[in-house]
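Residues 2 to 190 in the numbering used here are what the sequence shown lists, from first letter to last.
Derived by calculation from the structure, the hints in this document are not laboratory data. Please note that the accuracy of each hint is not assured.
Said to hold, decoys possible - Simulated restraints on C-beta separations:
1) T77 x A21: 52 to 60 Å
2) S96 x D37: 27 to 35 Å
3) H122 x A24: 43 to 51 Å
4) L17 x Y143: 29 to 37 Å
5) Q135 x S52: 37 to 45 Å
6) K3 x R144: 31 to 39 Å
7) A13 x R144: 36 to 44 Å
8) P153 x G120: 20 to 28 Å
9) E141 x S45: 30 to 38 Å
10) T87 x S45: 21 to 29 Å
11) Y147 x D72: 37 to 45 Å
12) E91 x P35: 34 to 42 Å
13) T77 x L29: 51 to 59 Å
14) T31 x S99: 26 to 34 Å
Beta carbons: idealized from backbone N, C-alpha and C, even for Gly.
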Amino acid sequence: MKLRYAFFTVAAIFHLILVASSAAHVRLFTPDSPIDTAVDHYGSLSGSDNSYAFFAPGVAPEFRVTFTLTDSDGNTWEESGNQGATREAELRYDSMTSMFTFRKLRGRIAASWAATMFGKHPNAERVEVAVEAQDMPTMEAYRDGYRPEWSPVYTTAFTRNQASDKAESAREPAVEETEPAPQLADSDL
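Using the sequences and the hints, build the whole thing.
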């Protein structure tokens with residue numbers, strides 16, 4: 002056996018071991034030494050560190066956001082959260098909405114979006130943020146007749162406080178907001 006053939010055979014076997022371990026969610030190497038760091042970099046560059054989650058039986062939910070704005074005269078209108086003019090803007094929107102899987106971040110993200118809407122619409126006095134998730138059924142459930150459905154995940158409202166220079170402290174609202182809405186001052190927009 003030629004040395005070159007043996008080298009490429011060992012390299013291919015090593016690569017396949019990395020692919021199989023990543024697919025099985027087993028880390029063979031930790032970046033504690035220079036060799037482990039080199040293997041970690043090789044995995045990142047070659048794609049052998051991919052978990053291959055696209056073969057999973059289920060799909061993560063997709064989120065969408067709707068803003069219902071109200072002005073001082075009581076006029077209401079809705080805006081979609083998807084304002085992306087470019088593919089990159091759409092990816093950024095999808096990344097923000099996917100953060101709703103983390104319950105601790107929901108209130109902060111909603112407050113940020115509300116502040117953005119108040120800045121975009123100076124005449125708005127109230128913004129209701131409604132987030133829905135589309136749960137995708139597994140392929141087996143789909144074959145049994147289940148279809149994707151949108152269901153509410155999070156709803157809260159924010160009001161603009163014209164007299165205050167400071168916003169009240171942020172809190173984590175419930176899925177259905179029943180308490181007075183948090184106040185956002187013009188200085189916070």
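The hints, checked one at a time:
1. T77 x A21: 52 to 60 Å: holds, 56 Å
2. S96 x D37: 27 to 35 Å: Holds, since S96 and D37 (Cβ atoms, about 30 Å apart) stay within the stated range.
3. H122 x A24: 43 to 51 Å: holds, 48 Å
4. L17 x Y143: 29 to 37 Å: Since the Cβ atoms of L17 and Y143 sit about 33 Å apart, the hinted range of 29 to 37 Å holds.
5. Q135 x S52: 37 to 45 Å: Violated, since Q135 and S52 (Cβ atoms, about 23 Å apart) do not stay within the stated range.
6. K3 x R144: 31 to 39 Å: Distance hint for K3, R144 is violated at roughly 52 Å.
7. A13 x R144: 36 to 44 Å: holds, 38 Å
8. P153 x G120: 20 to 28 Å: holds, 26 Å
9. E141 x S45: 30 to 38 Å: holds, 34 Å
10. T87 x S45: 21 to 29 Å: holds, 27 Å
11. Y147 x D72: 37 to 45 Å: Once the Cβ atoms are compared, 41 Å apart, the range 37 to 45 Å for D72 and Y147 holds.
12. E91 x P35: 34 to 42 Å: Holds: the Cβ-Cβ distance is about 40 Å, inside 34 to 42 Å.
13. T77 x L29: 51 to 59 Å: holds, 57 Å
14. T31 x S99: 26 to 34 Å: At roughly 28 Å between Cβ atoms, S99 and T31 fall inside 26 to 34 Å, so the hint holds.
Consistency with the previously given hints fails for numbers 5 and 6, ordered from lowest to highest.
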